[in-house]
Amino acid sequence: MKGLFNRKPLSVLIFTGVVISLIQSPAAEAGRIFGAGYVFILTSALTGIIVDIFFTAEFIAKGIKSGDEDGFYRYFFKRDGWIDFLNSVVMLIFVSVPLIVITFSQWSDGGMLHFFLILYGISPALRILRILKLSSILGGETSGMASRHTAYIANSAVIVLFVVAFLTQLPGYGNSTGILSIYFCAVIIVILFRIIYRRHFEGTVSDVITVIDRGLRRRNYNLQARINDKYADDEIYKLASYYNSVFLPAKMKQILDDKRVRGNVSSKQSSSSE
Amino acid sequence: MSATVKSEEAAEIKRCAEGLFSRYGGDSDPIIAGLFMRRIISSGEENLGEVISQYCSDPCHDNEELRQIFYQEILSLVSSAVIPTINRFIDDCDFNFFDAVSDSGSISVEFIRERIYFIFKETLDSGAGEIILNSSFNILRYRIIDKYLDEIFAMESELYREIIKEVPKSFSLKDCKNFIKTIFVVRPSLYPEINWKSTKHISDEERRVIAKRYESRFRPIPCRIIDEAVKSFNPMNVTSGSNAVAGLVYIFDLFCRVSPWQGVPEPGAEPPHKSWFSLALINSEYFGFNTGILEELYCIAGERNW
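Just so you know, the sequences run in chain order A and B.
With the numbering used here, the residue at position 211 of the first sequence is 211, and numbering never jumps.
With the numbering used here, the residue at position 198 of the second sequence is 198, and numbering never jumps.
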């Protein structure tokens, strides 16, 4: 989360959109379950469609931009493009548009209304997929190991919860309030993995690897890897221990014994040009 | 090949020297960059015209005049990067401690400043002090002595007691800092003598001879400073007697030969000074470090997160 608001204005706008959609989704669901008034439902429907149109525009823009960079395929499958798609086009078609049509049902004929009611029937489960967008935002713009691993876990958990929610909507299974519980479970899972577990992963795995990698590559880099005594038996810390106590001392000898550093070059060289 | 270098060509060569200086890390390590570039010229192994041509639009012919212009430009670049730091120390130092370590009576501070500046500048221009210059420069640039002596004196540790035993009783913390910093400024000038001997150990007798010889040359620098500077070239595991100051100088010299890592604190990494002292402890026998001093420095760096 740190530095989130230091980003470009567009990123802040996207983050605001995510927050609004995360509030709007359970609010709309709660309104449906507890029979909220027309104004509440209308406000919720309009907010939802505005956010989804905005995300659809974002998805299209990113898709076009990716064509100029490393390709749409890479954006869609490797850089959370599929999450953007689910949270824009899919939400617009299956959640926001049906809700708007139902809200303004007096303008629709009976056949069309029935079609949108069917579509809207799966919207509670689909809304859980909005949390994938939260996961994507919390991952930041880094493509590091910690981000990828925590994304994999958090997104898998959200998809499992989506399937569970979908099944509870089938006739004879579960109830409507169960969907809300699943929705909040998904939010907690994403926050746990993408913030708390990610920090743990960085501290105990990826940061240590980064330090060792720099020590191996950069001549002047001699920082030791910090070893967490609690996990000293982990393979990564065994490697770090070897790097600290064998590799770096040998590197120090090599650098300080270098004739340029040790200063054993004959002074003839310097005096000859004077 | 001996065509005269025109003024436009000379200006181009100067621009190339600046570009090369920056490319070889002159902004962060001016002395090392300067040494490296001077070696290119001095060794004669490289065709300077070819080297310069890589960075210039117009081809240059290697000749003596070109080399001289290039050499002078490097000197000027190194000096402008290094001298302000040295001057800052010389101007800020009151050299009050001279009276306590010298019996030559009261000497004008201005004269002392001039002499110390001259000694350092002469060594810098000649390149004779080689890499030792770099550690002296880094020591002053990163205020290493100020940082660590403040801590050592605040802790009143074993090292503090050893230092106090070695220096005159009238020395304050400030005098101790200035004393050690002056050793660092003078030290590179002595290096050719030490290097020429090509020996790892300088005996007490040899040390006294060198100190006496340089005392008259470096007047009014007290013999005690020259003596400590020569002593500090000896690995401490082969030095007899009291050697806290020389031991500290010896460690800090190697610590700053290559610029200490100046990056921001990195997640997953130990702080740079702590890391270096930890590695030095592992290698203490190899380099001849005084482990007692190193352990204290390691603790200070660890506590202060340096």
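It should be emphasised that the hints constitute simulated quantities derived from the structure, not laboratory data.
Don't take each hint at face value.
Cβ pair distances, simulated, as ranges [as the list claims (entries may be wrong)]:
no., chain 1, residue 1, chain 2, residue 2, range
1, B, ALA11, A, TYR152, 56 to 62 angstroms
2, B, GLN262, A, PHE247, 18 to 24 angstroms
3, B, LEU281, A, ASP70, 36 to 42 angstroms
4, A, PHE247, B, GLN72, 40 to 46 angstroms
Here a beta-carbon is modelled for each residue, glycine too, at the ideal position from N, C-alpha and C.
Problem - 18 to 24 angstroms as the expected CB spacing between PHE247(A) and GLN262(B), which holds or is violated - result: Cβ of GLN262(B) to Cβ of PHE247(A): about 22 angstroms, so the range 18 to 24 angstroms holds.
Problem - Supplied distance hint 36 to 42 angstroms, evaluated on CB atoms of LEU281(B) and ASP70(A) - result: Taking Cβ atoms as reference, LEU281(B) and ASP70(A) lie about 47 angstroms apart, which means the hint is violated.
Practice task
Return holds or violated for the Cβ distance of PHE247(A) and GLN72(B) against the range 40 to 46 angstroms.
Solution key: About 42 angstroms separates the Cβ atoms of PHE247(A) and GLN72(B), which means 40 to 46 angstroms holds.
Handout entry: C-beta pair ALA11(B), TYR152(A): status relative to the range 56 to 62 angstroms that was hinted
Key = The hinted range 56 to 62 angstroms holds for ALA11(B) and TYR152(A), with Cβ atoms some 59 angstroms apart.
The structure shown violates just one earlier hint, number 3.
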